[in-house]
Amino acid sequence: MVSEQNLLAQLSVKVGNRLRDERLMLTTAESCTGGLVAAAITDISGSSNWFERGFVTYSNQAKSEMIGVPAELIDKHGAVSEPVARAMAEGALLNSRAQISLSITGVAGPGGGTPYKPVGMVCFAWSNRVTTLVETKHFKGDRTQVRSQAAQHALRGVIELLDKAEA
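Under this note's numbering, the first residue of the sequence shown carries the number 18, and numbering increases by one thereafter.
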């Protein structure tokens with residue numbers, strides 16, 4: 018069985034190969050994963066050819082200051098929401114030289130969950146400056162497992178966005 022860490026590494030390589038082949042750069046905006054995706058990517062030698070930068074926007078203030086997420090949007094929908102995930106992905110593109118972005122915002126636990134936003138709820142967005150895809154997933158497990166599953170799903174979403182752009 019492939020370990021969670023090995024799966025994340027394999028997905029990072031797959032994303033990197035696709036981006037390199039298409040001569041595209043990726044940027045990330047991560048909240049609950051705290052840079053886990055960026056770390057997996059930068060573990061790969063040569064990733065500077067396709068990874069432009071990563072934003073760890075853990076606090077609401079960081080989301081607004083670093084990538085331009087409107088505070089009003091966070092106040093209205095909450096940091097863990099599809100509108101905020103969309104704004105994070107689009108803001109990361111606006112604040113980088115990349116052509117592709119991913120964003121992750123969620124409740125990794127063990128605390129912080131509510132009946133409407135339970136532990137394991139994670140919102141994602143992927144953007145290529147033309148199209149932005151958003152999705153919410155509910156993961157099971159402890160904090161480490163939720164974060165790992167979220168990072169893996171975010172990388173799979175990059176591949177999906179690239180596939181849609183080719184279609």
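Hints in this document: simulated from the structure, not taken from any laboratory. It cannot be assumed that every hint is accurate.
Said to hold, decoys possible - In silico DSSO-like pairs for lysine-lysine, Cα to Cα no more than 27 Å straight-line: (1) K93 / K134; (2) K134 / K157; (3) K154 / K181; (4) K31 / K157; (5) K93 / K154; (6) K134 / K154; (7) K31 / K154; (8) K134 / K31.
Only a predicted model underlies this, so the values are computations on that prediction, with no experimental measurement involved.
Checked hints:
Under the criterion of a C-alpha separation no larger than 27 Å, the hint pairing K93 with K134 is consistent with the structure, at around 14 Å. Restraint check for K134 and K157: satisfied, since their Cα atoms lie roughly 13 Å apart, inside the 27 Å limit. A hinted pair counts as satisfied when its Cα atoms are at most 27 Å apart, and K154 with K181 qualifies at roughly 20 Å. For the proposed pair K31 and K157, the alpha carbon gap of about 25 Å is at most 27 Å, so the pair holds.
Our distance criterion of 27 Å between C-alpha atoms is met by K93 and K154, whose separation comes to about 20 Å. In summary, the hint linking K134 to K154 is supported, as the alpha carbons are separated by about 11 Å, within the 27 Å threshold. For the proposed pair K31 and K154, the alpha carbon gap of about 22 Å is at most 27 Å, so the pair holds. For a cut-off of 27 Å, the pair hint linking K134 to K31 is broken: about 31 Å separates their Cα positions.
The structure shown violates just one earlier hint, number 8.
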